[in-house]
Structure formats: structure tokens, C-alpha cells
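Chemist: What follows is the residue order along each chain.
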Amino acid sequence: MRSGSGSDTQFEEFVASRFPALYRYAYVLTGNQHDAEDLVQEALTRTGVAWNRIRRKDDPEGYVRTAMARIMANKWRRPKLETLVSGVPEEVADDPELERITEMDGLDAALSSLPGRMRAVLVLRYFEQLSEEETARALGCSKGTVKSQASRALAKLRLSMIPQDDVVRALQEDRRGRA
Amino acid sequence: MEELERIVAGRLRALEDAVPAPGSQSEIMRRVSGQVVVRRRRRRTAEAAGACLVVALAVSVPHVLGEEEQQSTLVPGPLAGGPSARPTASAGLADEAWEDLRAGGPKPPGGPSAAGLDKEQNLQTGQVLSAFGVGTDGTVLAEGLSHLSDGTGVRDGRLWRADLTNVLSAPVPVAQPAGLYAAGGGDGLTVWPERRDAGYQLMCQGPDGRPAQLGSAGVLREPAGGFHIDEDTTVWTDGAEGGGRTVWTAKGCTGQPRTLARGGYAAAFSYPYAYIMETRDDGRFTGDLQRLQIETGDSENRTVPADLVDGDAVLFAAGEDTFSVSDGTKLVIFDAGTWKSRKIKKPLPARGDGQASLTAGDDVVVYSIRPADGRQGDDHSLVYRTKSASARIQPGEAFANGPWLLHRVSGAYRLDKTHK
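Sequence order for the protein chains is Z and B.
When you line the first sequence up against our numbering, it's residues 137 to 315, in that order.
When you line the second sequence up against our numbering, it's residues 29 to 448, in that order.
Okay, chain B solo, but in the shape it has when bound (with noise of 0.2 Å):
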């Protein structure tokens, strides 16, 4: 061994005198525990999910994080849609479409690759889908689209469920209710909201195919969903006005709805915690907020700055490990556990007059801009890595979700895989 070697060895032996701070040991192992039980739930679903992911998987190429444990898959994309569109088995995609798979992802639009993708976007209706999400199980809901000669869209408020699993499938239709305007799925599990006289009532399907009614109080109409679905669990906050709003969460479609807490609101849920923000009479945010253990009970107290969550445009995501804030300037990531926040430098892409969306993934918090009327190519994304802690803007929508990343590439619907 070279001296130098050597050296390297002393130095490296040196720090193993390292001791674990007080408390960080029970701090971990609770971390640990939590963690473990939420990646066997999604390792089950995963297997659940089948062969056909293993296929889907093989086939695909990742490039839009350039981390090399990423996997990728392919939604039909612009996932295709309209009345024409129809449930159908793997015969879903034309011939074309398993050669541009097998090749690595669709090209852009006009492509030698790209036409067995445009054979199921040539509808009557011309009709795309716009995504509202990715679920936990890889699910992407989206609604109808339609472009007119001018680029701007013009939405069918119908509900389309593309599912992981069937993924060289046809979206299918779920439903068609009054008032759309956000969607969420689970496992297994498709949410949405439906207007009636008084309000927005929380809908739901499970594997059944028969939707049911999720709770009787309503749901809070928010423009970021009011919602959250991770894994089987929904948790919401009712549409009672002011201070007199609960927050609820189901299991599945036909679990009997519990109170979680009276008053605040359920800002953001990530398997079994749900963050619950307190509110002021007049519904703004004081910025105390509870981080609450769904099936102990066990709470805890956290809070964030008051000035980020003060104004019109805050958006909140939890993931993993984290909770996401953002106030439409500035994206701030707190450490679920130690509460530790960091802010990202990064200037979040100028929201104008399009509508954000802030998700959050395993790994991943994306904060996402597209714009209200419809048109592709003026929606951007901010997509912030916590592991590496490093952020980029990307063009195109995106949304995170679990292990999933699902983002827009040139006028297609890509679905990464974070991590293993």
C-alpha cells in the first residue's frame, strides 16, 4: 500500500469514532418503521400490477432526470381519448406504436414513429387528454381535449382513466360528471368531484366499476383538489363553510368516512400522514398545522412560515419524506421529519395567468404551470430532485406522485419511475 493509501485509511478510520446525535436513533428507527410499511404496500401493488409493467418497463428508455436507477414507461400519448375511444386489450396501440416502444419512446409529433400513436388521436372529435395527475399506482386520470384552429382547448368534462397496467390499452371513460375539475386516484381507486345544488360532492369508483359517494358533507372546492387519494385512503376536507369544516378520510370507495379533525384543512396527505393546516374565520391560513398519523392518531405540531401561506396562490404536496410549500414565487421543502426546511433558488416558472399544481413523489416535488386555456407548449415545470437536491425547468406539464413521475414531452404523456 502507497503511503498515501495509507493516509486515506488513517483518515477514514478517524471518523469512526463518529457517535449518533442523542435521539437520532429512535428518531430513525420511527422514520424506518413508517417507511417500510408505506414500501411494502406499494411493493404488493406493484406486483399486483403484473407483467405487464415488467414489459413496459424493459422497453422504454429514462432521459428526463438522467439518474441511471430510473425506469420509464410510456403512456399513449397525448393519451388518446374522445367517444371513439374505447376499453380495449393490448391491441390498444397499432403495430407502429410496439416498434416505437420497443425503440426507446415516441419521437415528436410527425416522426417516422409517432404515427401508431396519431392512428389513436385521429378521432372524430380529434380529442386529447389533458392529465389532472398521476396516482400512487401509476394510474394517470385525465379529462378530454379539444383544440381548436387557434391552439386553445376546449375541455369535454368527461373523466378518462389510463391505467399502469393497461398501459398499451386505450384510456377508458369513468364518468361524466357536472363541474370537473380535478381528479385523483389511488389503488385501484379513481376520485373526483361533482357539482350539485349546494356544493361539490367527493365521487369515487373502485374495482368494481360502480361509483359511489364518498362521505355526505362535500368536498371543499379548491383549484389544487381539496383531495388527496394515496394508496386506498382518501382524505378531504367538507365543503361546511368557515370554521366549520371537518376533515375526513375512506378507506376505498365503501369505507365508513372518519373525522380526522374538526376544523383546518387537509392540505396535503402522503400515507399515513396527513398535513392539516389551521385557518382563520375568514379561511386564510395562520400558518400552525398539525402533521397527523391516520390510523394512530398521533400528532404532531409543525409550522411554517405565515407570509408563504398568506396569499391566494399557496399550493401545498406531501411525499415521502417531505412537505412541499409553495407560494407561487418561491418553492420551500420541509423535512417531514426534523422539519428542517430548505428554500429552492430556482425561480419557479411564472405562473401568469395559467394554473399551477404542486405534487410531490418519493423523490420528487414538482411544481407545474399550464395554461388556462388550453394550449400546449406554454407550460413548464419546475422539478426538484431531494435526494440530489438539485432542480430544473423543463418544458411541458408534469405531476409526482409515489415512485412516478409523469410529465409532457412534445405533446406526449411520458411516465418515468423515480426509483426502484
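Chain Z on its own, in the form it takes in the complex (with noise of 0.2 Å):
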């Protein structure tokens, strides 16, 4: 961006005040620093390429929050190779706090693998606490889409709590009432 310009030094003027939240909204919206990083900068190029448009409205941080989290519902497919975990699994216990970091431990791994939009989904309404008519809006998707992906990511992040144990022996179960 050549300087000089009035409206860049205000673009500047706004990145430079909000990014440090920018990133953190990212980083809620990703689970990590690299990706959040990315998409940070790619929401950010796309403001200013469009900030002559948005500077007369009075929320250029609510237009970021909306790139960042459509950016993340539409392209940020990154798969995931591999989950970070905050250490190495022990061996199974019969301690009921234990079990409860072991489900959360599972949880954040489930969060980290979910689909772009299943995430930004989940991020819009229970950590925004949007509507889903208001997270179909700021997705610009239907709201039966909201539902579904809302619905099918409670469903991967509910099986990731249960001891894998447990899901092995219903399974088994399920086959041999079938049989």
C-alpha cells in the first residue's frame, strides 16, 4: 500500500489499535497461532483492498470479524495432519478428574480437526452467542446449514468425549445385535 494516502494512514491507524484483539478473534476461529496468523493477514489484505467502501461505515473491526469467519467457513480447509495435545496420553486411571482433563483433551483435539465451517459455525453461536439466523447471516449460508453443520459438529466434539474403550465396546455391541 503506497503512503501517503489519507485513507491508508487510517487503515493503518485501525490495524495497529485492534490487531492485537483481530488476532485473538483469529485464533479463537482457528485453535492455532500459524493458521490464525494467516488468516489475520488474509481478512486484513481484503479491508484494505475494500477500505474506501467500509471507513464510512462505523464498524471496520465488525467487517474483519465477518471476512475472518466467512474466509473460515469457505476456504480454510487446511487438513489436519496432525493435532497438537498439551502432553503425552497416560495410561487409564480410575480418577475422575483425570477422566475429565482426558475428555477436555479429546474435545480440543476434536475442536482443532473439525471443518472450516463447522468451526466458524460453533464459533458464531456459542462463543458469539449469535442467533442462527444471525450466524446464517454473517456466513452467508441458509439457516438449515447453520443447523446442520452446528448439529453434526456437537456430534463429532460428544463422540470425542467418550473413552475410546467405551466407543470400541459399542461398536462391538452394535455389530453383534445386528448379527
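These are calculated hints, taken from the structure and not from any lab test.
We put the CB at the ideal spot given by N, CA and C, even for glycine.
Please note that the accuracy of each hint is not assured.
What the hints assert, rightly or not - Simulated coverage check for chain Z against chain B, where a stretch passes if three residues somewhere in it have a Cβ under 8 Å from a Cβ of chain B:
| no. | region |
| --- | --- |
| 1 | 148–157 |
| 2 | 172–183 |
| 3 | 242–251 |
| 4 | 285–295 |
To be verified - Simulated DEER-style distance windows between Cβ atoms:
| no. | chain 1 | residue 1 | chain 2 | residue 2 | range |
| --- | --- | --- | --- | --- | --- |
| 5 | Z | G198 | B | D381 | 55 to 61 Å |
| 6 | B | E306 | Z | E270 | 51 to 57 Å |
| 7 | B | R34 | Z | G280 | 22 to 28 Å |
| 8 | B | R34 | Z | H170 | 25 to 31 Å |
| 9 | Z | H170 | B | P239 | 43 to 49 Å |
| 10 | Z | G198 | B | R34 | 21 to 27 Å |
| 11 | Z | S143 | B | R312 | 44 to 50 Å |
| 12 | Z | G198 | B | K371 | 36 to 42 Å |
| 13 | Z | R189 | B | G207 | 45 to 51 Å |
| 14 | Z | S143 | B | P239 | 36 to 42 Å |
| 15 | Z | E149 | B | G237 | 41 to 47 Å |
| 16 | Z | E270 | B | T282 | 51 to 57 Å |
Two chains, two frames, some hints: make the complex.
Modeler: This is how it looks when you write it as C-alpha cells:
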């Protein structure tokens, strides 16, 4: 961006003052530093290109946040080949608190591996506390899509919180039942 | 709200404490500033392209990469050429071809809708065009090709240009230079090398249609080109021997050339950054390079593994955020800002006796092989999407530049837009 233009200076000032907040939002959307940096960069680039139109509005930050959610939902499909966890899984023990931590690790891993659209829907619905209609409007999709994406995402997360032994046992019982 | 929903909200809120890495704000802002300049320029170019582009994009169906936002248009293809081809208005394609476009693209040869395109191909010489690549404005530059009965091709040495804004018209002849081996295009700009007594000279044709000479020190003849065009700017390495080489740049066809670097080799260029490789006396690369901002002169020193650039088959390409290197067996892509590298695991198409090319767009890197004897059907490409980190091998040669991906599908060229 060539310096000297008044609107460009406004854009730079806006970014300078709001970057940490925008980065935090990108981190919530992506769950890791590398993708968060890529996401905030892409959203700010789009905002910078369209700045002359946006600055007349009172909410450039809202524009950038919406851009991030939409980019996440539509384009951010980086395959998750591996998921970082906080530690090496320990052996199973009958400790309720440990069980709870294991559940949370499973949940975080499942959250990280959700497709971009599902994760964006969860962020808007449960982090931003938007209604289904508002979420659909923000992502530029139908209310039905929001409902189905949220439902499928929650189902995946629910499954991730069940200990794997129980999942295997349930599957075996299911097969036996069918036989 | 169910308990699970409350738990999810809590886990997401816990992420909100994230703090940007030290220095990341300035680094991201630097990249944003650069990209905003580039995209604003491209947007102006796209707007200038006018309604014709809108029509063409609206009637086509994206199909290669399967991305939702990908847009696609067709270049009559195989691009009609030969002495009988002439510049026309939008009547360059027969009515059947209009129907074909409306139907979503050309069918394989022999299909009912391909007839309209065949009319343009059935010139007296039977020539089709063989692309050199695609410009940042969607311009397709190509050479005429006649196929013999055994399937091999004979090149006519003539340079043809098919403009996206004239996508429904026939390609126009630009020049018939001696020794044509490459060509590139930018915003209203066509650049090609011409053989002279003492090597090759870079020539340029702008909107006025008159050919002009770019500089006077010649251009280094390289299989991959030795010169690069992005938007209205050309960067090239001159034809001086060994360490006496100079890297030049010029705006448009008539801009005064200026020196970017003495010594070295202009490996790749994505406006405003030129990637200049350091060379030894024998012309081999050391692995050190400069990433040079050509407007400000700011330079960053970078390094690539020496064994990656030591062979004869090394190719380079630069995109908006990437610098790519291939040694003919593997493809390594560097993030232009952080210089983090990733090696593409998928094996590259085997080169054999064919010609290889490496091109990069804003979010696509393409390694492509085509047979030297001009046969169709033996050409393959690896298309790598940088955003999704996914690679696929597809039949047909392909080229990327800016937002464009040009690729051959069943004998026809297709031009896709990889992002808005």
C-alpha cells in the first residue's frame, strides 16, 4: 500500500489499534498461531483493498471479523494431518478428575480437527452467542446449513469425549446386536 | 444451552487469551500492505477488462480444483491459429460455440458441442496453438502448432496472443521472431525474445501494437525464459557472459530500463519482489539469493539448499506469497515472508525428454511437463494449492499466474480463476 494517502493512514491506524483483538478472534476461529496469522492477514488484506467503501461505516472491526469467519467457513480447509496435544496420554486410571481432563483433551483435539465451516459455526453460535439467523447472515449461508453444521459438529465433539474403549465396546455390541 | 454447548463455549473462550507472537504484527502488516497494493492493481485491471469477462465467467463451470469460489472461463481451444486466423469481433466463434460456452465448457473432441470450436481449428494448415503461459491479466500467449500424421507437432515460430477480454474472438498474431522459445504477458503487454547475431534480444509490444526493444544488452536464453513479467513490469537477466550479467527492470515497453543488480540471475518475479539468485563463475547457483523490492530497493537475503539448485533442471517461480524451486524431482515451496519451506510429497510428473515449466499464481503452484515433440496426451501437471496444501496430478499442461490457472483439457485450453 502506498503511503501518504489519508484513507491508507486511517487503515493503518485502525489495524495498529485493533490488531491484538483481531488476532485473538482469529485464534479462536483457527485454534493455532500459524493459521491465526494467515487468517488475520488475509482478512486485513481484503479489508485494506476495500477500505474506501468500509470506512464510511462505523464498524470496520465488524467487517474484518465477518471476513475472518467467512474465510474460515469457505476457504480454510487446511487438512489437519496432526493435532497438537498438551501432553503424552497416560495410562488409564480410575480418577474422575483425570477422566475429566482426558475428556477435555479429546474435545480440544476434536475441535481442532473440525472442518472450517463447522468450527466457524460453533464460534459464532456459542462464542459470539449469535442466533441461528444471525450466524447464517454472517456466514452468507442458509439457516438450515447453520443448524446442520452445528448439529454435526456437536455430534463429533460428543463422540470425542467418550473414552475410546467405550466407543469400541459400543461398536462391538452394536455389531453383535445386528448379527 | 446444553451442557456440551456450554463446554464448547468455554473452550473457545479459553483461546481468547492468545497473544500475537513478538514481531508478528509488524510482519503481517508489512505483508498486508504489499498485498493490498498488488490486489488493488489487479482489481483495476479486472475492472478494465469489462463486461466481456463478466459474461465469460458467468457461463462457465469450474471443475478442475473443485473450490467453491473458483471461477472459470474458456479460451477457444485448442486456440485457433495459423495464417487464416484473423482478429475478429465477438463473432470469432460460431454460434455453436456460444451454445457450448453456455452449456458450461467444451466437450471432448468429437462431442456435439465441439463442432463450433472445430470450425475455427479446421484452418488450411490445421494449426492449433501451444501455450507458453498465461499473463497476470489472463492473456494467453502461444505458438502455432501443426500436427503431423504420426502425432508429432511442428511449431510455426509465430507468436499469438489471446486476450481474456477478447475471449470469444480469434487469437491475434503478434510477431514472428527468429528463435522464439518463450513469451510472457502482463497488463496489455506482450514480451518475447528474438534471436540476433550475438544472442537474444527482448522485444515488447504494448497497447499501441508497435514492437519495441527492451534494453540493449540482450536477454539470457534459458529454457524457462530468463525474463518475467508481472502487471506492467518486466524483470530480466541480460545476455552478458558469466559474472558480468546484470538484472534489469522496465515499466511497460517504453520505460527506461534500470539496473536491479549487477551479477546474479533473475530467477523469479512477483510484483514488487524480484528473486535474484547468486551465481558462481560457472553460472551455477550458490543457493543464496536476494528478495528485492524493486520499487524501494529494500533487499532481504535468503537461502535455499544448494543441492536443490545445483542441477541443470532447476526451475523457479514466484507467487504473491511464495517462492518455489524444483530440481526436476521434487518441489519445494517457501513462504515469501517467513521463508518457511515445505516439500511437496507427491512425486512430480516424470520429465523424460519433455520440457518442464514451473509457474506460480496467487494461491497455486504448477509444475508441468510437455513432450518436446509436440505430441498431445503425453503432458501432465502437478497442481498444488497453497491454501489447502493439497496437490494433484492432472493430464495436460498447465500454467499459473496471478489469479489464473490455464490448463489443457482434452485438447482444449481452459482458463480458471482460482480465487475472486
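Chemist: Are the hints correct? Go through all of them and say.
Modeler: Structure-based check of each hint:
1. 148–157: holds (count 5)
2. 172–183: holds (count 6)
3. 242–251: As far as the region 242–251 of chain Z goes, the hint holds, because 3 residues have Cβ atoms under 8 Å from chain B.
4. 285–295: holds (count 3)
5. Z:G198 with B:D381: 55 to 61 Å: For Z:G198 and B:D381 the Cβ distance comes to about 58 Å; the hint holds.
6. B:E306 with Z:E270: 51 to 57 Å: 55 Å, holds
7. B:R34 with Z:G280: 22 to 28 Å: Holds, at about 24 Å.
8. B:R34 with Z:H170: 25 to 31 Å: 29 Å, holds
9. Z:H170 with B:P239: 43 to 49 Å: 47 Å, holds
10. Z:G198 with B:R34: 21 to 27 Å: Holds, at about 25 Å.
11. Z:S143 with B:R312: 44 to 50 Å: Distance hint for Z:S143, B:R312 holds at roughly 48 Å.
12. Z:G198 with B:K371: 36 to 42 Å: The hint (36 to 42 Å, Cβ to Cβ) holds, given that Z:G198 and B:K371 are roughly 40 Å apart.
13. Z:R189 with B:G207: 45 to 51 Å: About 49 Å separates the Cβ atoms of Z:R189 and B:G207, which means 45 to 51 Å holds.
14. Z:S143 with B:P239: 36 to 42 Å: Distance hint for Z:S143, B:P239 holds at roughly 40 Å.
15. Z:E149 with B:G237: 41 to 47 Å: At 46 Å between Cβs, range holds.
16. Z:E270 with B:T282: 51 to 57 Å: For Z:E270 and B:T282 the Cβ distance comes to about 55 Å; the hint holds.
In this structure, every one of the numbered hints holds.
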